Structure formats: structure tokens, C-alpha cells
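Let the hints inform the model, and build the full structure from the sequences given.
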Amino acid sequence: MDIRQAINDRRSIRSFTREPVTQETLREVLTLATRAVSAVNAQPWEFAVAAGDVLEAIRQDNIAFYDQDRPTDVPDIMVDGIYRERSREIGKALFAAMGIERGDRARRNEWGQRGFRFFDAPAVIILSMDQMLDNTTFRLDMGCVIQNICTAAMEFGLGTCVEHQAVMYQETLRRNLHIPENKRIVCGIAIGYPDWEFPANQVISTRVPVDEITTWCGF
621 MDIRQAINDR RSIRSFTREP VTQETLREVL TLATRAVSAV NAQPWEFAVA AGDVLEAIRQ
681 DNIAFYDQDR PTDVPDIMVD GIYRERSREI GKALFAAMGI ERGDRARRNE WGQRGFRFFD
741 APAVIILSMD QMLDNTTFRL DMGCVIQNIC TAAMEFGLGT CVEHQAVMYQ ETLRRNLHIP
801 ENKRIVCGIA IGYPDWEFPA NQVISTRVPV DEITTWCGF
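Residue 621 is where the sequence shown starts when you use the numbering used here, and the numbers rise one by one after that.
Since the hints were made in silico from the structure, they are not lab data.
Bear in mind the structure is a predicted one, so any value in this text is a computation, not a measurement.
Hints are not guaranteed to be accurate.
[Unchecked claim] Subject to a maximum C-alpha distance of 16 Å in a straight line, what follows is the list of computed EDC-like cross-link-like pairs (lysine to aspartate or glutamate):
| hint | residue 1 | residue 2 |
| --- | --- | --- |
| 1 | LYS803 | ASP681 |
| 2 | LYS803 | ASP724 |
| 3 | LYS803 | ASP740 |
| 4 | LYS803 | ASP693 |
| 5 | LYS712 | ASP724 |
| 6 | LYS803 | GLU791 |
This is the structure:
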């Protein structure tokens, strides 16, 4: 798979087969990903990779907290204006693909649970960085390594879904994955072999044309 194809074909995968991903494959993905751009070569990224019983314990905690309507440890992502319109667009596309009606509270609730279950992926990568590092400069580095993970995964036939939702209940992550308080948990990445029969996996989000967001100077 060439780079152009990988970038164009990448999408968020929200259902996976039961086939496990080997530790060696995940190690290869992360090794490739850590070639990411890094300011002053700080390489702030740290990974905790969970599978099996450990991942299931986190899932169960997340669902229990969600069903209890427990306040999250970090706020949900809120956007306004054109950014909210784009968010609504992908939400509508996903619900349409899944046949989830606007007033169907039960299925909407089940969809919310799926995110906290890491979409039932066989493995999840939790990314963190040291609290002592600037949360602006070095979060850019984290974004670079996240994109590399998603792209590198495709070389091995894997799909990914980058999740903020997956790290909203952080106590269970710290306890089960031994992440100390001096580490800032950034996001989670569900990873596994895509279930291509799942309707939402056919949804590809739109992108604004480049000329609408680019100022060309001196050409």
C-alpha cells in the first residue's frame, strides 16, 4: 500500500472482527509510528497497550460508569459554529448507516456505550505524555504520532478509531494500565481487523476542499 492510498483510504473503524492482534504486530505499528515529527526531538509519546482480560476490565468499568451517569474525569469535546455543523454531519451519516432514528433513545444509548467499549476492538492503545511538558507544543507531536499509528496500521490490514471518549473515565485506565498521575492521558486508539459487514464502517467523512481553507501567496 502506497502512502497516497493509505491516507485516502483511512477511516474510523467502529466495529472489529474477533481476530486478535499479536503483540509483535502492534510493536511493529508503534515502531513505525515513532518516526513521527517531534519538536526538539523530545518524543513525548508513551503507550499503554491493552488486550484480553485487562481490556475487558476497563470496558466493564467504563460501561458501569456510563450507565450510572457518573461524571467523567475530563469534559466531552464541545464545538460551535461551522465546526459543530461538521460534527453533526458525520453523526447523521453514522446514524443513517446504522438505521438509528432520532427518537430511538435505546439505540442511541447503545451507540454511546460502543465508544466506551472501544468499539469492541481486540486491542487499544492509550497515549500519554509527561505532565511537565507544555500541553500545546508537545500535543502537536502527539497528533503526529497518532496519525502515524493510524496510517501504519493499514500496512498490516488493521483499522483504527482515535477516541477522546475512550479516556474520559481515567481512573480505571490509570489503575489497570499503571499510568501514574504525572502522565497526562491524551487519547485512546481502538485497533483491530475491521468488520466490513458493519454499516458504519462504510461511512467516510467529508473534507473541506483545500482551496476553501488555503491562502496561496506568491504563485
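Right, here's what the structure says about each hint:
1. A threshold of 16 Å between alpha carbons decides the hint, and for LYS803 with ASP681 the separation of about 21 Å lies outside it, so the pair is violated.
2. For a cut-off of 16 Å, the pair hint linking LYS803 to ASP724 is broken: about 39 Å separates their Cα positions.
3. At roughly 26 Å between alpha-carbon atoms, LYS803 and ASP740 are farther apart than 16 Å, so this suggested pair is violated.
4. Our distance criterion of 16 Å between C-alpha atoms is met by LYS803 and ASP693, whose separation comes to about 14 Å.
5. Distance restraint check for LYS712 and ASP724: the Cα-Cα separation of roughly 13 Å lies within the 16 Å cut-off, and the hinted pair is therefore satisfied.
6. A hinted pair counts as satisfied when its Cα atoms are at most 16 Å apart, and LYS803 with GLU791 qualifies at roughly 12 Å.
In the structure shown, a violation is registered for the earlier hints numbered 1, 2, 3, in ascending order.
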